[in-house]
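Under the UniProt record's numbering, the first residue of the sequence shown carries the number 1, and numbering increases by one thereafter.
For the record, the hints were derived by calculation from the structure and aren't laboratory data. Virtual Cβ for every residue (Gly too), placed ideally from N, Cα, C. Where hints are given, some of them may not hold.
To be verified - Within a straight-line C-alpha distance of at most 20 Å, the following computed EDC-like cross-link-like pairs (lysine to aspartate or glutamate) qualify:
1) LYS24 x ASP159
2) LYS24 x ASP178
3) LYS24 x ASP74
Unchecked claim - Derived CB-CB ranges, DEER-like:
4) VAL22 x ASP178: 42 to 48 Å
5) GLY129 x HIS214: 16 to 22 Å
6) ALA158 x ASP220: 32 to 38 Å
7) ARG154 x GLY213: 41 to 47 Å
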Amino acid sequence: MIRPASIGLEATVFDTASRTHVGKVREINEDRVLMQSEVGLWAIADGMGGHSLGDQAATIVVRALGSMNRATPDQLAIGAALQFANDATLELAQTAGVTCGSTVAGICISNDDCMVFWVGDSRVYRLRGDSLVRLTHDHSFVQQLTDAGVMTERQARADPRSSIITRALGIAPIFEIDIVWTDVVTGDLFLICSDGLSDMIDDAGISSLIAHGHPEDMADRLIRAAMAAGGTDNISVAIIICNG
């Protein structure tokens, strides 16, 4: 069911911060971060690591989302933007004769509603008080094994197949977006991240790193922790705190 966005962001003030780092292993950074507090939209796209033109695919995704001509993006507009990005990435891949693609995870906040959308294994978390909740569910091979009880979350992070995703933009003409809705209360913190963070730091560790301080300090702590844990992939984070 399509849920319309509320009108206006007059009552909402956001404290935000973002960071992106190439990590210790990759030669280029294939992550892209979109921060549009003025319309209540934030997202991270992660170009498919190990594939040609992944950085360009991620750029296509965030540009498509960022260029929506809507005061308050809604589910239809975001779906259309991602369809455009999917088609453009497919064309890029076909022209270059390679395979490339991108994940995406993002949120759109309007008044007391938050729409969470994702394709792939980039994630969105919400910290409310002391409770951290993962709002997304990875589209990945190891997540399927975890859901089936074959491995634990800890084993999944260390498994060499953790980079195999089951959904991405730019791979096929038809793709599937997952969308969930959550309420927003004053003080809520939302974290969007690429798997370069979540593969290095478990949810308990993430919670402790964003439990206090300014968003800029939180973002720095997350990047440092992921680097200290190995930094085997590009690492990107976006933090949004809703101050009412």
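Against the structure, the hints:
1. LYS24 x ASP159: Holds, because 19 Å separates the two Cα atoms, which is no more than 20 Å.
2. LYS24 x ASP178: Given that 20 Å is the threshold and the Cα spacing comes to 31 Å, the pair is violated.
3. LYS24 x ASP74: Given that 20 Å is the threshold and the Cα spacing comes to 37 Å, the pair is violated.
4. VAL22 x ASP178: 42 to 48 Å: For VAL22 and ASP178 the Cβ distance comes to about 28 Å; the hint is violated.
5. GLY129 x HIS214: 16 to 22 Å: holds (18 Å)
6. ALA158 x ASP220: 32 to 38 Å: At roughly 25 Å between Cβ atoms, ASP220 and ALA158 fall outside 32 to 38 Å, so the hint is violated.
7. ARG154 x GLY213: 41 to 47 Å: violated (27 Å)
Against the hints set out earlier in the document, violations occur for numbers 2, 3, 4, 6 and 7.
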